[in-house]
Amino acid sequence: MASATTTITAERENYLNASYGFRSWLLTTDHKRIALLYLISITFFFFIGGFFALLIRLELLTPQGDLVQADTYNKLFSMHGQVMIFFFLIPAVPAVLGNFLVPMMIGAKDLAFPRINLLSWYLFIIGGGLMLYTILVGGVDTGWTFYVPLSTAFLGTHVVLAAVSIFIAGFSSILTGLNFIVTIHRMRAPGMTWGRMPLFLWSNYATAIIQVLGTPVLAISLSLVGLERMFHLGVFNPQLGGDPLLFQHLFWFYSHPAVYIMILPGMGVVSEIIPCFSRKRVFGYEFVALASIGIAVLGFLVWAHHMFVAGMSVYAGMIFSFFSYLVAIPSAIKVFNWTATMYKGKIYYSTPMLYAMGFIGLFTMGGMTGLFLASLGVDVHVTDTYFVVAHFHYIMVGGMVMAYLAGMHFWWPKITGRMYPEAWGKLAAMTIFIGFNLTFFPQFILGWTGMPRRYHAYPPEFQVLNVLSTAGSTVLAVGYLLPMVYFLWALRYGKEAGDNPWGAAGLEWKTASPPPTYNFEETPVVTWEAYNYDELPKEVPVVG
Amino acid sequence: MSDSSEALATHELRHHFENMEQQSGASSMGMWVFLVTEIMFFGGMFMAYLAYRYEYFVAWQEGSQHMDFWIGTVNTAVLICSSLTMVLAVLAIQQGRRRLTSIMLSVTICFAIAFLVLKGIEYHGHWLAHEFPGSSFHFAGIDPRHVEMFFVLYFVMTGFHALHVLIGIGLVSTILYMNQRGHFSTDYHNPVENVGLYWHFVDLVWIYLYPLLYLIGHHHAG
Amino acid sequence: MFPNFPIWPVRAAVSASNLDALFIFLLLVTGTVTIMIFILVTVFALRYRHDLVDKATPILGSTALETTWSLVPFGIFLIFFVWGAVLYFQERTPPRNAMEIYVVAKQWMWKLQHVDGQREINELHVPVDRDVKLIMTSQDVIHSFFVPAFRLKQDVLPGRYTTLWFHAIRPGTYHLFCAEYCGTQHSGMIGSIVVMNPVDYEAWLSGGGGEGSLASTGQKLFQQLGCGSCHRSDTQGRGPNLVGVFGKPVLLEDGRTVTADENYVRESILNPGAKIAAGFKNIMPSFQGVVNEEQLLSLVAYIKSLQGSQPSGLVSNRPAVPNAPAQSKAK
Amino acid sequence: MEKIISAKVYFTVWAALMCLTVTTAAVSYLDLGAFSIVLALIIATVKGSLVVLFFMHAKYINVKATLLVILAGFFWLAILLLMTMSNYVTRAWS
Numbered sequence: 001m002a003s004a005t006t007t008i009t010a011e012r013e014n015y016l017n018a019s020y021g022f023r024s025w026l027l028t029t030d031h032k033r034i035a036l037l038y039l040i041s042i043t044f045f046f047f048i049g050g051f052f053a054l055l056i057r058l059e060l061l062t063p064q065g066d067l068v069q070a071d072t073y074n075k076l077f078s079m080h081g082q083v084m085i086f087f088f089l090i091p092a093v094p095a096v097l098g099n100f101l102v103p104m105m106i107g108a109k110d111l112a113f114p115r116i117n118l119l120s121w122y123l124f125i126i127g128g129g130l131m132l133y134t135i136l137v138g139g140v141d142t143g144w145t146f147y148v149p150l151s152t153a154f155l156g157t158h159v160v161l162a163a164v165s166i167f168i169a170g171f172s173s174i175l176t177g178l179n180f181i182v183t184i185h186r187m188r189a190p191g192m193t194w195g196r197m198p199l200f201l202w203s204n205y206a207t208a209i210i211q212v213l214g215t216p217v218l219a220i221s222l223s224l225v226g227l228e229r230m231f232h233l234g235v236f237n238p239q240l241g242g243d244p245l246l247f248q249h250l251f252w253f254y255s256h257p258a259v260y261i262m263i264l265p266g267m268g269v270v271s272e273i274i275p276c277f278s279r280k281r282v283f284g285y286e287f288v289a290l291a292s293i294g295i296a297v298l299g300f301l302v303w304a305h306h307m308f309v310a311g312m313s314v315y316a317g318m319i320f321s322f323f324s325y326l327v328a329i330p331s332a333i334k335v336f337n338w339t340a341t342m343y344k345g346k347i348y349y350s351t352p353m354l355y356a357m358g359f360i361g362l363f364t365m366g367g368m369t370g371l372f373l374a375s376l377g378v379d380v381h382v383t384d385t386y387f388v389v390a391h392f393h394y395i396m397v398g399g400m401v402m403a404y405l406a407g408m409h410f411w412w413p414k415i416t417g418r419m420y421p422e423a424w425g426k427l428a429a430m431t432i433f434i435g436f437n438l439t440f441f442p443q444f445i446l447g448w449t450g451m452p453r454r455y456h457a458y459p460p461e462f463q464v465l466n467v468l469s470t471a472g473s474t475v476l477a478v479g480y481l482l483p484m485v486y487f488l489w490a491l492r493y494g495k496e497a498g499d500n501p502w503g504a505a506g507l508e509w510k511t512a513s514p515p516p517t518y519n520f521e522e523t524p525v526v527t528w529e530a531y532n533y534d535e536l537p538k539e540v541p542v543v544g
Numbered sequence: 001m002s003d004s005s006e007a008l009a010t011h012e013l014r015h016h017f018e019n020m021e022q023q024s025g026a027s028s029m030g031m032w033v034f035l036v037t038e039i040m041f042f043g044g045m046f047m048a049y050l051a052y053r054y055e056y057f058v059a060w061q062e063g064s065q066h067m068d069f070w071i072g073t074v075n076t077a078v079l080i081c082s083s084l085t086m087v088l089a090v091l092a093i094q095q096g097r098r099r100l101t102s103i104m105l106s107v108t109i110c111f112a113i114a115f116l117v118l119k120g121i122e123y124h125g126h127w128l129a130h131e132f133p134g135s136s137f138h139f140a141g142i143d144p145r146h147v148e149m150f151f152v153l154y155f156v157m158t159g160f161h162a163l164h165v166l167i168g169i170g171l172v173s174t175i176l177y178m179n180q181r182g183h184f185s186t187d188y189h190n191p192v193e194n195v196g197l198y199w200h201f202v203d204l205v206w207i208y209l210y211p212l213l214y215l216i217g218h219h220h221a222g
Numbered sequence: 001m002f003p004n005f006p007i008w009p010v011r012a013a014v015s016a017s018n019l020d021a022l023f024i025f026l027l028l029v030t031g032t033v034t035i036m037i038f039i040l041v042t043v044f045a046l047r048y049r050h051d052l053v054d055k056a057t058p059i060l061g062s063t064a065l066e067t068t069w070s071l072v073p074f075g076i077f078l079i080f081f082v083w084g085a086v087l088y089f090q091e092r093t094p095p096r097n098a099m100e101i102y103v104v105a106k107q108w109m110w111k112l113q114h115v116d117g118q119r120e121i122n123e124l125h126v127p128v129d130r131d132v133k134l135i136m137t138s139q140d141v142i143h144s145f146f147v148p149a150f151r152l153k154q155d156v157l158p159g160r161y162t163t164l165w166f167h168a169i170r171p172g173t174y175h176l177f178c179a180e181y182c183g184t185q186h187s188g189m190i191g192s193i194v195v196m197n198p199v200d201y202e203a204w205l206s207g208g209g210g211e212g213s214l215a216s217t218g219q220k221l222f223q224q225l226g227c228g229s230c231h232r233s234d235t236q237g238r239g240p241n242l243v244g245v246f247g248k249p250v251l252l253e254d255g256r257t258v259t260a261d262e263n264y265v266r267e268s269i270l271n272p273g274a275k276i277a278a279g280f281k282n283i284m285p286s287f288q289g290v291v292n293e294e295q296l297l298s299l300v301a302y303i304k305s306l307q308g309s310q311p312s313g314l315v316s317n318r319p320a321v322p323n324a325p326a327q328s329k330a331k
Numbered sequence: 001m002e003k004i005i006s007a008k009v010y011f012t013v014w015a016a017l018m019c020l021t022v023t024t025a026a027v028s029y030l031d032l033g034a035f036s037i038v039l040a041l042i043i044a045t046v047k048g049s050l051v052v053l054f055f056m057h058a059k060y061i062n063v064k065a066t067l068l069v070i071l072a073g074f075f076w077l078a079i080l081l082l083m084t085m086s087n088y089v090t091r092a093w094s
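Chains as they are written, first to last, in my numbering: chain A, 1 to 544; chain B, 1 to 222; chain C, 1 to 331; chain D, 1 to 94.
Hints were generated in silico from the structure; no laboratory data involved. Careful, some of the hints might be misleading.
Think about it this way: if two alpha-carbon atoms lie no more than 35 Å apart in a straight line, the pair counts; the simulated DSBU-like pairs of lysine-lysine are [to be verified]: (1) C:Lys-55 with A:Lys-510; (2) C:Lys-133 with C:Lys-220; (3) B:Lys-119 with D:Lys-8; (4) C:Lys-55 with A:Lys-538; (5) C:Lys-275 with B:Lys-119; (6) C:Lys-106 with C:Lys-133; (7) B:Lys-119 with D:Lys-59; (8) A:Lys-344 with C:Lys-55; (9) C:Lys-248 with C:Lys-220; (10) C:Lys-248 with C:Lys-275; (11) D:Lys-8 with D:Lys-59; (12) A:Lys-510 with D:Lys-64; (13) C:Lys-55 with A:Lys-426; (14) C:Lys-55 with A:Lys-495; (15) C:Lys-220 with C:Lys-275; (16) D:Lys-64 with D:Lys-3; (17) C:Lys-275 with C:Lys-106; (18) A:Lys-495 with A:Lys-344; (19) A:Lys-495 with A:Lys-426.
Quick caveat, the model's predicted, so the values are computed rather than measured.
Modelling step: build the complete structure from the supplied sequences, incorporating the hints.
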């Protein structure tokens, strides 16, 4: 990828052609180059995780469980979860788009700690390498949740190896968050006040808060699991005197907020795209901005809604249910504001906008079904069924992956200096939207009618819906391959984009495409509010 | 920890900062953010301690009586003294007194080593008394299973703390070496301050570990 | 309808009817709002398409609107929350006099034991129109007892008892699933709940070859293990008199009070030192590893059956001679 | 930007920390019931505050955001401890 991109825009020096060779990439401290390193890495893991997903769906085509053995199936869904969550979703928007854009959006030359940024990528690669090694030597079948005592005393697979790999990847995530917090606080260009920051920054800031405060708790829980498993020390295992619910508390203290690590940056992407292609300031800027912070804080008070049937006390259940409803309000505020932004706009159906509108729809459905799960009574029935699987895929895949792809299309011209083929972009967006719904909507019904998750074989009455879901997943797979192909094609053959093909607001569009190594010729001074589309050309230059 | 490498190569301002004030502000804030992650890391262990103390009150009392009260108390004093010498090292470099900085850093390292030696003696004592969790664990009193869990948490918490002391020794040594090479001055000493922050954090954790592990059952034993 | 394409699970218990009402309410409210948002996005996209509009109208926002769409959802959420919490509370509060069934889960099967002595594996026969309470534990990892037709689910934990209760209203055979991932054959840990008419149930009961009631099994074990030498039915024993203790609050040596429920009895057998009743010494040996989960349950059932004529209120069980000389080995 | 604090302050804080250590060790010989642990933790918190405020210069930090970071750390620790304990404390209620 690197060698292909360096051939373009030979006239102007930019971050891609400033220096050549492997060393210049592997030892770079340029946030933009690190973003590209991350892009390549997470794309790799996305396809590994996606491959596991396809195998899972193929297995579930028939009720008997005849494609793979039960333990293989268990490894497939465990590694699908671990790879997708820790090696794709969590780093996706922050480490790729965030790395690339955060310094530029605030008018800085780089993140506050460029070397730590590089270190974070290396930690990711070490963690990812260990995960690959785990997969190659036989995998792990703990689920992504590592529940004790199953993980510490009963399974014979590579549990410790997987835990170490996630532990290391967790530190990579912490360092990214640390860098963002300090950068956003200390590196803003003159005039770039908090009230003028693009919402993408607000949401990445909120994400960073969660990464920094939550991830260490995951690190210690996994360490304790490792110690219990290796040295037979009683921490969580009831046979050694421990309480397995304590593990669940510690695990979900991180892993529920981790859901917001995955979705918040996606919300930030959508908050950039909708105003741009509606040619209008975002509706209720302050509310959308503060909703991000609200989600980050309230998101830490709801974790035990994963444990309503786990044997927790009734009263604790009520506390956590209440907070779960509270955290739904900032999410609702965002959806309403995005919708209101389109009102009386001048709307362009560009590819990023199609993805963003798809995001609103799918995220709404994911959020609404979350209300079912937050309700104590209903949760008892639908938890640990396919209803939950459908719900979080609507948030993670329908929400986050749509937003990630929206962002990739939106900023692709900035990152590479080239346009992707618009018609193909629209086709892929539609394919993904249709394939996604076909895959995951049937799973709501499956769950409601009682099909438990993580089942290798299932009673025959669930087959029709499972077949639908598997059919949808093949459409979805094609949808994900398409952008991969035309993005690579566009690197060489795409039209030159120019500095600001969308006529978008935001400092990143005020510099060259691709940007020079230090982002700006001179430090910009900000004198305007965010999303000042009423002061910009009323039309989108390229798709208009 | 985070920034010692950051500043290694350069005295002056790093290219992406506008001025020294922005640079040192960012560096100190970054260190604090890092320390917050450390709070949460130890927080997970404190959580386990709290939940099990609530559930197995008697066993916790019992286990605590088998701590080495005197080594624990002396180690508390040792760490407090090392914090003093560390903060004096920072003060010395702020005033540009490089030689004094080196002396104070050296004394800090000595205290840290003393702490680890005492800790080692203590662990050895537990080993001899069959208080290491695992197959060799033996406990005659009430509720041995949960007393063993007390010892698990004791070793995990003090073990992770000792690991931090060890890392601290490495960091202070690095700073000492850099100071000897003349890296720091009145104008530029972020790494010294950050290592100082890290070191005080290690002290802070111990300040809580001491009563929670050594004192809760002491009056029964004493 | 379509036998292999269900969209609504069978409703076979009171809990299912209660839950369906809330579910339908949620479905209506969230469905309406979702469709509303879909329509708005579509209408805006069509109405304000770029070639139909010359220039976007700048609108900054509206605090009134923001307040409305924060507070109205909050109000609706409160209804969801309270309704769900009430149902949950009911589901978690078993009625007195419910028929009790003991459940032991293991990788990968369900062992079910009736009070009268019948044992079943992966199949549970219960009468219709009776309150049935399950007292469940696991002998290895965490499992989860899930009956979609009852809309009920409860994790089954090792080292502890959890309970679940239901009131079946419709005879039939329903799925029993393990809903918490429990290792290789997780998806094979399934069974069925057979809800029977009272007549059929009686017939089934008399047909099954039970070896005496669970409590009597427990009593035998109690004698075999020599528990009775300390836990005597007068006040002279070195251990507390167990008659009438079950379900009552117990004053502990360290001043706290606990209820003598299944979990307390269990803990006191496996880990006697953890919560010692006031006035007694820690002389009882642990039975960890001596009795298995099923034997434990029979002991619990036996102690539960000892409903003597002790006065209710705080049971102190203090022996007549405090701290009776008792240093010789118990058991 | 940065404020130099005199060595006298540091020595005073150190002396206070040593005195508190002796106090908490001495008090641990007394059986104050449940109050023992409360007192020990109060003393530990006073000591911890001294370290954070003076040795770690939190008292002299002039960047508000850094103060916010410190407070956030302790606030989130409190969330973890309190919310989890809500389960353990109410477990026996029903």
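- Query: Taking each numbered hint in turn, which are not upheld by the structure, reported in ascending numerical order?
  - Reply: none
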